[in-house]
Amino acid sequence: MTQLLKMKPVFKEKIWGGSALRDRFGYREAKNNTGECWGISGHANGATEVQGGPYDGMPLSTLWSEKPELFGQQNGDFPLLVKLLDAADDLSVQVHPNDDYAREKEGWAYGKTECWYIVHAAPGAELVLGHHAATREELQELAEAGEWNKLFRRVNVKAGDFVYVPSGTVHAIGGGITLLEVQQSSDITYRFYDYDRPGQDGELRELHLEDSIACSMVPHEDQTPPRTTEQTAGATIETLIEAPYFTVRRALVESETALAKKASYQLISVIDGEGYVLLNDEKMPVQKGDHFVVTAGEEQPVFAGTLELIAAEPGESA
1 MTQLLKMKPV FKEKIWGGSA LRDRFGYREA KNNTGECWGI SGHANGATEV
51 QGGPYDGMPL STLWSEKPEL FGQQNGDFPL LVKLLDAADD LSVQVHPNDD
101 YAREKEGWAY GKTECWYIVH AAPGAELVLG HHAATREELQ ELAEAGEWNK
151 LFRRVNVKAG DFVYVPSGTV HAIGGGITLL EVQQSSDITY RFYDYDRPGQ
201 DGELRELHLE DSIACSMVPH EDQTPPRTTE QTAGATIETL IEAPYFTVRR
251 ALVESETALA KKASYQLISV IDGEGYVLLN DEKMPVQKGD HFVVTAGEEQ
301 PVFAGTLELI AAEPGESA
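Letter 55 of the sequence shown, counting from 1, is numbered 55 in UniProt numbering, and no numbers are missing.
There could be a bad hint or two in this list.
[As the list claims (entries may be wrong)] In silico DSS-like links for lysine-lysine, alpha-carbon gap of 30 Å or less: (1) Lys14 with Lys288; (2) Lys288 with Lys261; (3) Lys14 with Lys31; (4) Lys261 with Lys31; (5) Lys105 with Lys31; (6) Lys6 with Lys67; (7) Lys262 with Lys283; (8) Lys150 with Lys6; (9) Lys14 with Lys150; (10) Lys283 with Lys105; (11) Lys12 with Lys105; (12) Lys31 with Lys67; (13) Lys67 with Lys283; (14) Lys8 with Lys31; (15) Lys14 with Lys283; (16) Lys105 with Lys158; (17) Lys31 with Lys158.
[Stated by the list, open to error] Here are the computed distance ranges between Cβ atoms for each label pair: (18) Gly199 with Asp56: 29 to 39 Å; (19) Glu138 with Gly53: 50 to 60 Å; (20) Lys283 with Glu104: 45 to 55 Å; (21) Glu104 with Ala233: 18 to 28 Å.
It should be emphasised that the hints constitute simulated quantities derived from the structure, not laboratory data.
The beta-carbon is built from N, C-alpha and C at its ideal position, and this holds for glycine as well.
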């Protein structure tokens, strides 16, 4: 039988964080410098816990390992992580490794491919997305010379944009952007450049230039997935991406709508609105900022109200 597991988010303070997670999503636990809300996570650095029901208080990582039937008898670690990020200031320019590099260098099963749905962007807000170096040698020369403006590729974004960031992509989220991120369950980050700013301890934050150069995609290849839209009786459902590690869809719900699972389980985040969800003759209120795991099973939760949802599912390589 399908179950709907509500998650208790984990919050991370960051030097670039702001107040949008509290002000926009109503998270009372968030502070003035909260940069990340880990909404659905089995990662050791911040596993979310189930709220309510028979598994109340159980970390998702524990549930994954002890109750594999809830997820279709999966192996390994919980493969995905869903975050909300508030960048009041620029994040460091960074890059994430692929699976092979992460295993060999860090002893972790997953590299980090990610994607972003832009919830809010201030006028003129931009990302670093890629670089202009034609060869790895040129990448190293420009980095060692500190020619950052010449090296980094910048793009403007607005609310509603979707960005795919495969491992090896040099990137940074600019100030004034709030987004939802779906990623592989990895916390490995190599910093290219951090604006010579001190961390919370007053010291300059560590850079990882050697690993950054080794991991980077050279030359950069922009990857913009096609977006397709389906109109149902109760919602507009847009497929944002179907990729090896995840499928991500956005649903604008106006009346009762079931989001059919494309995998054995599904991760759902409410990024706007309020309403309710029906499953197994039970009705649960939902609102902006809620995060759910839909377990394996034939029954489908039915969402209703005025809601904007992001639904993520593991891909074949997850």
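Evaluation of the provided hints:
1. At most 30 Å may separate the alpha-carbon atoms for a hinted pair to count; lysine 14 and lysine 288 meet this at roughly 22 Å.
2. For the suggested pair lysine 288 and lysine 261, the alpha carbons sit about 21 Å apart, so the restraint of at most 30 Å is met.
3. Using a Cα cut-off of 30 Å, the hinted pair lysine 14 and lysine 31 holds, with the two alpha carbons roughly 10 Å apart.
4. For the proposed pair lysine 261 and lysine 31, the alpha carbon gap of about 35 Å is over 30 Å, so the pair is violated.
5. Distance hint between lysine 105 and lysine 31 is unfulfilled; the C-alpha atoms sit about 34 Å from each other, more than 30 Å.
6. Distance hint between lysine 6 and lysine 67 is fulfilled; the C-alpha atoms sit about 16 Å from each other, no more than 30 Å.
7. Of the pairs offered as hints, the one joining lysine 262 and lysine 283 holds, with about 23 Å between alpha carbons and a cut-off of 30 Å not exceeded.
8. Between lysine 150 and lysine 6 the alpha-carbon distance is near 46 Å, which puts this suggested pair outside the 30 Å criterion.
9. Under the criterion of a C-alpha separation no larger than 30 Å, the hint pairing lysine 14 with lysine 150 is consistent with the structure, at around 27 Å.
10. About 47 Å separates the Cα atoms of lysine 283 and lysine 105, which puts this hinted pair outside 30 Å; it is violated.
11. Proposed proximity of lysine 12 and lysine 105 is supported: the alpha carbons are some 25 Å apart, at most 30 Å.
12. Of the supplied pair hints, the one linking lysine 31 and lysine 67 is violated, its CA atoms being roughly 34 Å apart against a limit of 30 Å.
13. With a CA separation close to 24 Å, the supplied pair lysine 67 and lysine 283 stays within the 30 Å bound.
14. A threshold of 30 Å between alpha carbons decides the hint, and for lysine 8 with lysine 31 the separation of about 16 Å falls inside it, so the pair holds.
15. Of the pairs offered as hints, the one joining lysine 14 and lysine 283 is violated, with about 36 Å between alpha carbons and a cut-off of 30 Å exceeded.
16. Proposed proximity of lysine 105 and lysine 158 is contradicted: the alpha carbons are some 36 Å apart, above 30 Å.
17. Restraint check for lysine 31 and lysine 158: satisfied, since their Cα atoms lie roughly 25 Å apart, inside the 30 Å limit.
18. Remark: the range hint 29 to 39 Å for glycine 199 to aspartate 56 is upheld by a beta-carbon distance near 36 Å.
19. Checked against the hint of 50 to 60 Å, the C-beta distance between glutamate 138 and glycine 53 comes to roughly 55 Å, which is consistent with it.
20. At roughly 49 Å, the beta-carbon separation of lysine 283 and glutamate 104 lies within the given 45 to 55 Å, and the hint holds.
21. Between glutamate 104 and alanine 233, the C-beta spacing of about 50 Å breaks the proposed range 18 to 28 Å.
The earlier numbered hints that this structure contradicts are 4, 5, 8, 10, 12, 15, 16 and 21.
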